[in-house]
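Chain D is fixed; fit chain E onto it per the hints.
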Amino acid sequence: MTNNMKKILLLSILNFQLSICLAQVGAPYIHDPSTIAECDGKYYTFGTGGGGLISEDGWSWHSGAERPGGGAAPDVLKIGDRYLVIYGATGGGLGGGHNGRILTMWNKTLDPRSSDFHYSTPIEVASSDGMEDCDAIDPCLLLDPTTGRLWCSYGTYFGSIRLIELDPKTGERVEGNKEMDIAIDCEATNLIWRDGWYYLLGTHGTCCDGVNSTYNIVVGRSRKVEGPYMDNVGRDMLHGGGRMVIAAGDRLCGPGHFGRTIIDEGVEVMSCHFEADLERSGRSVLGIRPLLWRNGWPEAGKQFKEGSYAIVSERRGYSLELAVDFIRMKQERQAFWRINPDEPVKPLPNQTLAEVIGTWPKGNIPVRLSDYMFRPHQHWTVIPVAEGGGFLGGQYCKIVIEGTDRALAATEDLELTATEQFNGADEQLWRIEQLTDGTYRIMPKRIPGQEGLNTTYCLYSSGDSTPTLACYDFGSDNAKWRFVQVVN
Amino acid sequence: MLLEILTMISKTYIKYISAFLLFAGTLWAQNPIIHDQFTADPTARVFNNKVYLFPSHDIPALASQRQDWFCMEDYHVFSSENLTDWTDHGVILSQENVPWGKPDGYSMWAPDCVFKNGKYYFYYPNAPKEGRGFAIGVAIANRPEGPYTPEKESIKGVGGIDPCVLIDDDGTAYLYWSGMGIRGGQLKENMTELRDSSRIMEGLPDGFKEGPFAFKRDGRYYITFPWVRKEKGTETLAYAMSDSPLGPWQFKGIFMAEHDNKCWTNHHSFLEYKGQWYLFYHRNHYSPGMDKRRSACIEKVSFNADGTIPEVKQTLRGVGVTKATERIEVDRYSDISDGVTIDFNDSTRAFNGWHANLPRKGSYIRYDDVDFSDLSDGYLVCKVKANANTSFTIREGTAKGKVLAKQAITVEGETGPFRRDQRGQWLTLTAPIQNEIVNSKSSNSKCLDLFIVCEDKEMSIDWVQFKNRTTYMKPASGTSQPDEEGFIRRWLLLEPIKQDIPSNTVFTNTWLREAFGKEYFSGQMTSLPKSGQKEKVGNQKLTWRLLDSETYNVRLFRFAEKWGQQTYGSLFWAVTVIDCPEEIRNVRLAAGSNGASMWWLNSEEVLLLEGDRRMVEDDGMSKRLTLRKGRNILRGAVINGPGLADMCVRFLDEKGKAITNYSINDK
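As you go down the protein sequences, you meet chains D and E in turn.
Residues in the first sequence are numbered consecutively from 1, following this note's numbering.
Residues in the second sequence are numbered consecutively from 1, following this note's numbering.
Pulled out of the complex, with its shape left as it was, chain D reads as follows:
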């Protein structure tokens, strides 16, 4: 644990509101990150100017990805068994004109150390002549799952955002395709499709001004890929419309260049960069956030914050707790018809850990689900474990009873227990991910006796009062949980 972390822990004990958000670790310095691509178990994202980041686990990022061609804001998409990389070869008016070119190229792998790593000759798919109302930079790719057609939006503040169609087999412009204007006031756009809607995500605000950058990501949606893309108040993105997806916050400002990654059904993350991370000298860093869907609109979720929580089942609303004796709180009982209204009232203290811990057995204690009564055996402190590693968008955490080191653990028989001490083992590390509906799934890093990392079993309500480990199913509330912050 670093000194910094100790300080943070101290702060978080004093006041949970102050607890910081965990950003990506390593050296995640990038601008305009492409949609995160997975290749042979590693994650890749490319940025402006060339190069990009690689991560083994999706949490710790380092430079090392290779993309020739320079220029601004690339995107990458796996089509079949190849990766199509698209980029603008120019800088969008920075140090030059608005005569932009967009090119595509293929690679069999994104791993620069692979013998297959070889980019095909780039092919121009769009350009702007410098006078027209467009600057051909900042391209993105969407492979339409309903039609198999490949779309690209591109452009910047200089004129319009344009839509073109590419051939998914060649990466070339479809013969006869004419570009269409679909938005203004955007940079670094991205197109996604979900549930019958096309979404155009654009970056508004001012970039490249460090801690004063007002970059933010907005969205409009359309039933057709050609638009019109309308925002939540019915305003066309061609008139500057857009609903906020992510703004500054958590000491990070200037989110830009959206990318969506679907991890599992109902588990999605968005990638972006922040123009400035105030924890890191105001550098531009990679950001990965849960992606939530509310009434058909995408919104960035919050990075999970360490703190003390009740863990409440979506099934019944019961709270995860140690299976220990319920210790009643003492209270002077007064029959309500005999209360003297003039007698002053006073606050009653919460039950404390010290009052009850002596009644708990030693060794492992089973866990169960029950009515939440804000009692010590129901309060769990969730703390990231630096040595525990991470996953795409998050860090493994330990889940311990508040004020103790008693840790929630997975057992070999796919059940749960609370061990007396946290020992750093993988079955005591938990992957907590916010789902698209705002609830969470909670998965042990590893199941004792099973090969490899666990990506199947999650904390699950087998009965209203009985937690277990079972296969994740987004369609079932049994697999979903809420974290309710504890106020002591």
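A hint or two may mislead.
Partial pick of chain D residues on the chain E-facing surface, computed with a CB cut under 10 Å [stated by the list, open to error]:
(1) R101
(2) S127
(3) S128
(4) G130
(5) M131
(6) E132
(7) Y157
(8) F158
(9) C186
(10) T206
(11) N212
(12) T214
(13) R235
(14) D236
(15) G241
Subject to a maximum C-alpha distance of 27 Å in a straight line, what follows is the list of computed DSSO-like cross-link-like pairs (lysine-lysine) [as the list claims (entries may be wrong)]:
(16) D/K362 to D/K330
(17) D/K224 to D/K78
(18) E/K323 to D/K178
(19) E/K467 to E/K402
(20) E/K188 to E/K216
(21) E/K400 to E/K361
(22) E/K467 to D/K178
(23) E/K400 to E/K323
(24) E/K383 to D/K178
Non-contacting residues of chain D with respect to chain E, defined by C-beta distances greater than 10 Å in every case (computed) [to be verified]:
(25) D57
(26) D111
(27) M244
(28) Y372
(29) G449
Just so you know, the hints here were simulated from the structure itself, not pulled from any lab data.
Cβ coordinates follow ideal geometry from the N, Cα and C atoms, glycine included.
Okay, now just chain E, sitting in the frame of chain D:
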């Protein structure tokens, strides 16, 4: 069944090709004339006032075939109405569909097609199933594009290649071909059989001959043919004349010399179209290393009074007019100065075309017949490459003629994080047009001969094009009302006042109040200027212009580009008059601007948009206002550093509905 499939395929292909033409949007006038495949032995015919081109179709030799020989498995037909735009109608006949032919002969050599008795007769040589050598077959169609149905058997008594049919004025048809010399014979009325035995064409010179093309002009018969005039030579194009269709012939000499690149064959046809005679021929433009893959070309032909044919020179420019608003492939030049060279854009993909290299100051390319009639308010676009900063001009008429446009090519020297070294890279660049384009030779034509002149260091050029600017606003005319969405499109705009604003981060409330509060010209906050009125601001003399915007937003950046002394770093003053038939209460002024702006209604400040912002519909709202009956003066000031200055303004009611029942600056 097969033919149906063929037709289907060819229909699909037509779609594909026309889509391609639409995309490329290019008027290909130059040589070669077809740019996506090889086209040899071009026979051109006029049917239904259109030119149909029946070439043979070279393809790269298949692995199973001789690599150094012709490989030809099918025929396409192309059509054009101007000899520049060619539509590929797809495959009309394939070797596997010829009943008497070898399905894998790859010997579908030079064809011809004629119209007789309501049908189109397509004559083609092919390797027969049995025996050696070549036979000639006929395929018949109701339309020139096909589908063509091949006859079951080849024409009896005809062994050889290169069929050509001449239909005389009396309707008699004669077939000529090449087989042990050039032979001819009369066809029966059915067009599929010889009437009598054929005969050798007499009076032709010694030496190898093939590919006869016979035609009649001014009562004279011509037989024209590729001819090897020298020992170990290659083919010229030669001709003989006669008073009768089957000779005897009087040899007249050559009308096209050997190819200067050792391309062994040539093969041709003559065509009269819209009063002009043309020669179609071929050359291995797209296959410089291998002369069995050829491409069709066209040159104009004239005739002497005695009917003889002056020698025709091969050009790259070819025939036809090139529209200025389409890409002008200047590497297909009419003429070049010493030292100008032409290279493939990609030596591995010849069909990607060529570019020209201009080695020094003064080097030029002449490109004739560029039609500027579609260009009104235009600019130059070009694709160029250089290894050092340089420039070129486009001039009219001569290499020292009037400059239409001057293009700087800046590839190094600028700094900044995004500026890469652009030396040796293809760049698309633009430049304004400097002089009005009027053909100085002919007042009623906007067809010019252009000179592309290198004005500094060495450079390469792929193409140039002239594009019309978008019309963003026009001088106000007629009455004006808010548009359907309530946006005010008619404004008096003052040409932009220069401001030194390197970044919009300065647009704080305090800064803006000072900037907008300053007096730039007298009557700034009170007067209603007239269109054309001048203001002196600092050392700038600026004019008010009454304009109607073409779009809901008023593109101030484009206004500055057209009428201003600067674009970025500008302060724009805008005034308009709102004429209300009735008093309208509880309205709000809704404005968006790029960048900051301030708005006054009847001299009262009603809205300030602060900070570095883009123009968004209904970005800022005034408090509730009353538009009084009659004249209201709406005044705005928009200030911008870098960025596309822009504004959109309307009035909305309490429920957010646009107010449209007033007129704007009507008097």
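How the hints compare with the structure:
{"no.": "1", "hint": "R101", "verdict": "holds (7 Å)"}
{"no.": "2", "hint": "S127", "verdict": "holds (6 Å)"}
{"no.": "3", "hint": "S128", "verdict": "holds (8 Å)"}
{"no.": "4", "hint": "G130", "verdict": "holds (4 Å)"}
{"no.": "5", "hint": "M131", "verdict": "holds (5 Å)"}
{"no.": "6", "hint": "E132", "verdict": "holds (8 Å)"}
{"no.": "7", "hint": "Y157", "verdict": "holds (7 Å)"}
{"no.": "8", "hint": "F158", "verdict": "holds (6 Å)"}
{"no.": "9", "hint": "C186", "verdict": "holds (9 Å)"}
{"no.": "10", "hint": "T206", "verdict": "holds (5 Å)"}
{"no.": "11", "hint": "N212", "verdict": "holds (7 Å)"}
{"no.": "12", "hint": "T214", "verdict": "holds (7 Å)"}
{"no.": "13", "hint": "R235", "verdict": "holds (6 Å)"}
{"no.": "14", "hint": "D236", "verdict": "holds (8 Å)"}
{"no.": "15", "hint": "G241", "verdict": "holds (7 Å)"}
{"no.": "16", "hint": "D/K362 to D/K330", "verdict": "holds (25 Å)"}
{"no.": "17", "hint": "D/K224 to D/K78", "verdict": "holds (23 Å)"}
{"no.": "18", "hint": "E/K323 to D/K178", "verdict": "holds (20 Å)"}
{"no.": "19", "hint": "E/K467 to E/K402", "verdict": "holds (19 Å)"}
{"no.": "20", "hint": "E/K188 to E/K216", "verdict": "holds (19 Å)"}
{"no.": "21", "hint": "E/K400 to E/K361", "verdict": "holds (12 Å)"}
{"no.": "22", "hint": "E/K467 to D/K178", "verdict": "holds (16 Å)"}
{"no.": "23", "hint": "E/K400 to E/K323", "verdict": "holds (23 Å)"}
{"no.": "24", "hint": "E/K383 to D/K178", "verdict": "holds (20 Å)"}
{"no.": "25", "hint": "D57", "verdict": "holds (31 Å)"}
{"no.": "26", "hint": "D111", "verdict": "holds (26 Å)"}
{"no.": "27", "hint": "M244", "verdict": "holds (13 Å)"}
{"no.": "28", "hint": "Y372", "verdict": "holds (44 Å)"}
{"no.": "29", "hint": "G449", "verdict": "holds (53 Å)"}
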